[in-house]
Structure formats: C-alpha cells, structure tokens
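2 protein chains.
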Amino acid sequence: MPQTPDTNRRVVLANRPEGLPDNETLRLETAPVPDPGPGEMLLRTIYLSLDPYMRGRMSDAKSYAEPVPIGGVMTGQVVAQVVASNLEEFAPGDHVLAGSGWQDYALSDGTQVLNLGPSPEHPSWALGILGMPGYTAHAGLLRIGEPKAGETVVVAAASGPVGATVGQIARIKGCRVVGIAGGAEKCAHVVDTLGFDACIDHRADDFEAQLKAACPDGIDVYFENVGGRVLYAVLPLLNPFARVPVCGMVAWYNETGLPDGPDHGPQIMGTILRQKVKMEGFIIFDSFPKSAQMEFVSDMTGWLKEGRVKYQEQVIEGLEAAPGALNDLLEGRNFGKMVVKVG
Amino acid sequence: MPQTPDTNRRVVLANRPEGLPDNETLRLETAPVPDPGPGEMLLRTIYLSLDPYMRGRMSDAKSYAEPVPIGGVMTGQVVAQVVASNLEEFAPGDHVLAGSGWQDYALSDGTQVLNLGPSPEHPSWALGILGMPGYTAHAGLLRIGEPKAGETVVVAAASGPVGATVGQIARIKGCRVVGIAGGAEKCAHVVDTLGFDACIDHRADDFEAQLKAACPDGIDVYFENVGGRVLYAVLPLLNPFARVPVCGMVAWYNETGLPDGPDHGPQIMGTILRQKVKMEGFIIFDSFPKSAQMEFVSDMTGWLKEGRVKYQEQVIEGLEAAPGALNDLLEGRNFGKMVVKVG
Numbered sequence: 001m002p003q004t005p006d007t008n009r010r011v012v013l014a015n016r017p018e019g020l021p022d023n024e025t026l027r028l029e030t031a032p033v034p035d036p037g038p039g040e041m042l043l044r045t046i047y048l049s050l051d052p053y054m055r056g057r058m059s060d061a062k063s064y065a066e067p068v069p070i071g072g073v074m075t076g077q078v079v080a081q082v083v084a085s086n087l088e089e090f091a092p093g094d095h096v097l098a099g100s101g102w103q104d105y106a107l108s109d110g111t112q113v114l115n116l117g118p119s120p121e122h123p124s125w126a127l128g129i130l131g132m133p134g135y136t137a138h139a140g141l142l143r144i145g146e147p148k149a150g151e152t153v154v155v156a157a158a159s160g161p162v163g164a165t166v167g168q169i170a171r172i173k174g175c176r177v178v179g180i181a182g183g184a185e186k187c188a189h190v191v192d193t194l195g196f197d198a199c200i201d202h203r204a205d206d207f208e209a210q211l212k213a214a215c216p217d218g219i220d221v222y223f224e225n226v227g228g229r230v231l232y233a234v235l236p237l238l239n240p241f242a243r244v245p246v247c248g249m250v251a252w253y254n255e256t257g258l259p260d261g262p263d264h265g266p267q268i269m270g271t272i273l274r275q276k277v278k279m280e281g282f283i284i285f286d287s288f289p290k291s292a293q294m295e296f297v298s299d300m301t302g303w304l305k306e307g308r309v310k311y312q313e314q315v316i317e318g319l320e321a322a323p324g325a326l327n328d329l330l331e332g333r334n335f336g337k338m339v340v341k342v343g
Numbered sequence: 001m002p003q004t005p006d007t008n009r010r011v012v013l014a015n016r017p018e019g020l021p022d023n024e025t026l027r028l029e030t031a032p033v034p035d036p037g038p039g040e041m042l043l044r045t046i047y048l049s050l051d052p053y054m055r056g057r058m059s060d061a062k063s064y065a066e067p068v069p070i071g072g073v074m075t076g077q078v079v080a081q082v083v084a085s086n087l088e089e090f091a092p093g094d095h096v097l098a099g100s101g102w103q104d105y106a107l108s109d110g111t112q113v114l115n116l117g118p119s120p121e122h123p124s125w126a127l128g129i130l131g132m133p134g135y136t137a138h139a140g141l142l143r144i145g146e147p148k149a150g151e152t153v154v155v156a157a158a159s160g161p162v163g164a165t166v167g168q169i170a171r172i173k174g175c176r177v178v179g180i181a182g183g184a185e186k187c188a189h190v191v192d193t194l195g196f197d198a199c200i201d202h203r204a205d206d207f208e209a210q211l212k213a214a215c216p217d218g219i220d221v222y223f224e225n226v227g228g229r230v231l232y233a234v235l236p237l238l239n240p241f242a243r244v245p246v247c248g249m250v251a252w253y254n255e256t257g258l259p260d261g262p263d264h265g266p267q268i269m270g271t272i273l274r275q276k277v278k279m280e281g282f283i284i285f286d287s288f289p290k291s292a293q294m295e296f297v298s299d300m301t302g303w304l305k306e307g308r309v310k311y312q313e314q315v316i317e318g319l320e321a322a323p324g325a326l327n328d329l330l331e332g333r334n335f336g337k338m339v340v341k342v343g
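Protein chains in written order, with the UniProt record's numbering: chain A, 1 to 343; chain B, 1 to 343.
A couple of the hints might just be wrong.
Stated by the list, open to error - Listed next, with one range per pair, are the computed distances between beta-carbon atoms:
{"no.": "1", "chain 1": "A", "residue 1": "216", "chain 2": "B", "residue 2": "218", "range": "41 to 47 Å"}
{"no.": "2", "chain 1": "B", "residue 1": "312", "chain 2": "A", "residue 2": "22", "range": "43 to 49 Å"}
{"no.": "3", "chain 1": "A", "residue 1": "207", "chain 2": "B", "residue 2": "84", "range": "55 to 61 Å"}
{"no.": "4", "chain 1": "A", "residue 1": "19", "chain 2": "B", "residue 2": "257", "range": "25 to 31 Å"}
Said to hold, decoys possible - Going by beta-carbon spacing under 7 Å, a handful of chain B positions derived as facing chain A:
{"no.": "5", "residue": "87"}
{"no.": "6", "residue": "101"}
{"no.": "7", "residue": "182"}
{"no.": "8", "residue": "227"}
{"no.": "9", "residue": "260"}
{"no.": "10", "residue": "264"}
{"no.": "11", "residue": "265"}
{"no.": "12", "residue": "269"}
{"no.": "13", "residue": "278"}
{"no.": "14", "residue": "279"}
{"no.": "15", "residue": "283"}
{"no.": "16", "residue": "284"}
In case anyone wonders, no lab produced these hints; they're calculated from the structure. Just so it is clear, the structure is predicted and the values come from calculations on it, not from any experiment. For glycine and all other residues, C-beta sits at the position ideal for the given N, C-alpha and C.
Input sequences plus hints: build the corresponding full structure.
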C-alpha cells in the first residue's frame, strides 16, 4: 500500500509492550489528509528515521520525554516535503526536517521545523550523519568524553549511525579506536571501511578476552550506547580518570523491572570510585548549548567533504515495513542508519 | 599495655580478610624503637585516625592504592610528636601530620609530613575536620557536587566525619540537606546539633518512603559514601542534571565478588541516562589541584571559628583497641570521627 495523495496512513501505539514490541503494539490506520489552516502548512513524509529511543517512548515508565499516548501517532523525526503552505518561511516543494512521526501527512505551524531548501543533496542525511545521530556522537564524544590524542576510545554498536560516527571522530582526534559490533560482516566493515583500529564481535564466546587484548593500554573513553554484557566487560579495563558519556543502553531497553543477578551495582560504583571515572548521561537537545550544534555542523560538513567521515544508510521501503524494521534495529539486525522511505 | 619509651608496638596485617576483618586479620607485634639516621627524624604517635578506606588496603584487589603487604604495618594517618630530629624543618616537640601507620614509633625523612608546630590547639583535628575527611567533604561536594542555593542535597553516614561536614557545608551554601544515619540517636544529633533539615534512619522498614517524603522536590546532589540500599533508594529520586560525587561505599567494602541479584546495573545506568546524571569518583589527593586544599583550609578555619561548623570526635583509648574499633566503624557503630589515642 503506497503513499497516495488522498489518504493519510499513520502508525499508532495500540498497546504498551512488555519487552520487545509485537503485533499488538502498533496499528496502521488511515485518515483523511488534513487541510492546513491559517499559519499552518501541510507536510508529506519522504523519509522516517528509526532510532532506538523509540522503544522508550512506548513505555509509560519515567523517562526524559513524555510517552506516546495509547492511540497516538508514534513519534519520529522525518524529512518531509511541503505540499501547501500558509507560512512565509516555507514554500511548496521545500524539504524540511520535522518531528511529525510515523505518518504520510502532517500539519505543522513551523515550530521546530528546519527548512532544508527545495533540493538538498542528500535529504535523508538530515536524519543521520548531519542530524541527531551525528550530533549525538559529536557532542557526546567531544564534550563529555574529551578524548586526547593517543588515548583508547571504545564504542559499541560500532556499525550503527552513532557508533560509526563516534569512532571516526575519535580517529580524527588521534585516538586508538576499538569498536564492538555483532558479527564478522559488521566488524569487517568497521575496520576496513570506517578505519577503526580494531573491532570485536560481542557474540564471540571469548569476547571479554578479545576486548582486553585489543586494549593493551586500557580504556580512556567508553562511549556507552548498549549497556549489558559489553558494559560489564569494559568496566575492568577503564583507566584512572576515564570518561563514560552515557548515550543509550539498547541491550536493556526491553527490560521490565530489574533482571536477575548477580548485582553489578557494586562493580559499577566501585569502578567509578577506584578509577575516578566520570559517567555522565546526556540527551542531545537538553544537555548542550546552541554553540555545540553549530560546531557539529561545521566540523561534520567539512569532514564529509574531505572524505574523512563515511556514512552508511539502510533504506527500508514503505511505512508498513517500519514496525518490523524497528524490531530489527532493537535486536541489532540493522546495518548502518535505518531510514524508512515513506513516499 | 600503654606506650613506652623503649618498645615499638605495631599492628601488622597477618592475613587478608574475606568480608569483615576478624581475629586472624591483624596482629600486635613489638619491635625495638628505631634510631634516626642522617636526614631522618623519630616520630612518636599520639593519635591514629581510623577510616573506612583501611578495609580496602587489606585486600589485594585492584584499587587506587597499593595493598598493605602481609606482615606489613597497617597504613594510617597519625598525629605524632617529634622525639629526635636530624632535619632542619622539624624540632623535638613539634607536632606533625604523617602517614606512619598503626605503631608507636616511626622514622621519617620529612616527605609528605606536615608540621603543625609545637602546640596546636586541637592536634587530633588534623585527622578530621581540618584534615582528609574535612577536605574530602569540601572538595567533593563543592567541586563535583556543585550545590546551588535552594537545591536538595542528600548524604549518608551523616553523623560520620565526612557526611557531617558535607551536610553542614551544604547548609552554609543555602541547600535543603537531608542526612541518612543508623538509629534514632544519630539522627537526632544530625538534626539538632548539626542543623540538617531532616535525617532518616536507614534501619527503618519504610526507609525508602521516608526518604522520598523528606525530599519533596527530588534530589539534586547525592554525596555517595555508602552504596547499597541507600544508593538504590536515592536513584528514583534524582532530578534531571543531578550530580553524584562518589567518595566511598562502605556498605560494600566487605563484599567479595558480586552479591546476589537482582542486577541493579540497568537501574544505575538508566538513571544516569534518563536524568542526565553526572557521577564522578574521586580520591582526594589525586583528583583536585593544590588550590582546592588551600580553599578548604581557609573556608573551614573560618567556619569553625564562627561556630558555623560543628565537629564531633570519638576517641578510642589505646592502640590495642584499634582493630575492634575499625570493625565498629565498618559496621556503623561509631559516632563522629574515630581517632585512637595511642600515646
């Protein structure tokens, strides 16, 4: 069922999932395409971004953002095209970056919408390397991780949009960079294409030993985006005064309540104490000043132009494929930044 | 067996303990009093400081300091008097702050020894409110915790030398201060004498509910010095951008290996992420610039003189009582800063 001009397909939250989302979690609905009133414009979605944080918005547990209400359209960043506009700053045909969610059409009053112009070179990149994942990698690594040349930086989900960018920036800053990814194919990509010094397969039985061997001088910066077994393998390797920007923990997003023991609390807190570690959580649009975003855009545009940063996208065809693709992402079956081609 | 001029009693580490130290852990020995050679002085211990970190030095687990070797004198800060000196900067009769450990006499070449002069007003205070515990409280709270007027600060072991000082400094800075201590007597002291806004007994069955009720606006700074159940009760109350200086975790010092589950790792890391918390471990003599110590001495001397900071000591009589007293400290049966009057 492709996008059409007279129907608005939308994916709404039908039930809050326990653990991984299933067939009962999301529902595809149709509605009329709305008409823009005064001070509004109509947006047609071209690309929808899929990101791990979306699992969190399905739960009503305390979080940094309001959960999606039952029956509400799933939230998500999109690149859309303006169909009709009663706003001076936006003309029909303009591409925009907006938060209009999992649907074909949306009204907007222009608040928090970025105009990308009528013909951006790579429209979908605004959802990835030049958007939130790229900015997350840049600000989290540089402003909390503070990597210095010669230090060892470790990042998991190393073939994902954030991890791949963290590692490439750390390389540019002169660090030894060790990635962690799931499977030989991803690891080969991380080393051969992205230029990491090493990449360890977290599915290996001797993962902990391999990680240790790949970090002979310990770990100075661990960019935390997975949690779980990877975190517990990293802790004993952290050097004095190591920094841990905490960006995500996809390994635990489907947990309800506390998992079975043993209790790693003393290990986490003991490492922070003994090694004088700084761990700091951040949410990209809350934690940094405006200047951080300008610095990111300037750095990243230059690096992409010079070919010093490479970017890989995985394009999913059709809005109806989005729920399954999100589960693939949550279970690590993606390869690069996932975007859904909606229309 | 009191201190005598011709015998050096010393407490050595006989065996590494599992869990709490027992009768096999430490051994009282005697040895001749040594003679100072050129460039040396002889120190006679007056007060020995007892501190929770001493449990860590008994283990050979990876830590921030070398363990005490088997058969070696237990480490510890002391206030001593110079008996004989071949050093220009130290004269017989001078009081000094030194790291000469659990013994009556020690030789020193003056390295890392602070001269307190011939007649300091409160010699033992150099081990507490004007020494390492006071400095730990001051620098950890102000430089990592960064409390702002009107914020809520929580500190455990609130009647202990570090906790009591943290709370009183936070009050001076205009914060709402909630202490946690063991038992009604300690809690009364913390509120009535030290001037905290509230103090919760961590032994209460409804401790978690009481803590929540005492922090109606959440927690902005948690000065971590205990770990365990207190930490897990604090986590759900942390506000966005809360700061957690990690100074110690006495609840877990006797743990060997990981305790039974459930695993609180996801809770700790999830809180750091969602609430954008900064947790930072520090070791007082590693983590801060010289200027921090000068600022501390200047602030604290003034506050003590003005009566804005109160200080409570528990004096144990005799070196032979030190091992038992250390266990009291590790199990929370102390009241104020513990010092041993050795001679």
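Verdict for residue 312/B, residue 22/A (Cβ pair) under range 43 to 49 Å: violated (59 Å)
Proposed interface contact between residue 265/B and chain A, which counts if any beta carbon pair is under 7 Å: holds (4 Å)
Supplied contact hint for residue 278/B, tested at 7 Å Cβ to chain A: holds (4 Å)
Hint check for residue 218/B and residue 216/A - Cβ pair distance inside 41 to 47 Å: Given range 41 to 47 Å: holds, Cβ gap about 43 Å.
CB-CB spacing for residue 84/B and residue 207/A relative to the 55 to 61 Å hint: holds (60 Å)
Supplied contact hint for residue 264/B, tested at 7 Å Cβ to chain A: At about 4 Å, which falls below the 7 Å cut-off, the nearest Cβ of chain A leaves the hint on residue 264/B intact, so it holds.
Restraint satisfaction for residue 269/B [CB to CB of chain A, less than 7 Å]: The hint holds - residue 269/B has a Cβ within 7 Å of chain A, the shortest such distance being about 5 Å.
Residue hint residue 279/B, partner chain A, criterion CB-CB below 7 Å: Where the cut-off is 7 Å and the nearest Cβ of chain A is about 5 Å from residue 279/B, the hint holds.
Hint validity - residue 260/B Cβ closer than 7 Å to any chain A Cβ: holds (5 Å)
Status of the hint placing residue 284/B at chain A (closest C-beta pair under 7 Å): Where the cut-off is 7 Å and the nearest Cβ of chain A is about 10 Å from residue 284/B, the hint is violated.
Agreement of hint residue 87/B with chain A interface, Cβ distance less than 7 Å: Check failed: Cβ of residue 87/B comes no nearer than 33 Å to chain A, outside 7 Å.
Status of the given 25 to 31 Å range, CB of residue 257/B versus CB of residue 19/A: holds (29 Å)
Violated hints, listed in ascending order, are 2, 5, 6, 7, 16; each of the other numbered hints is respected by the structure.
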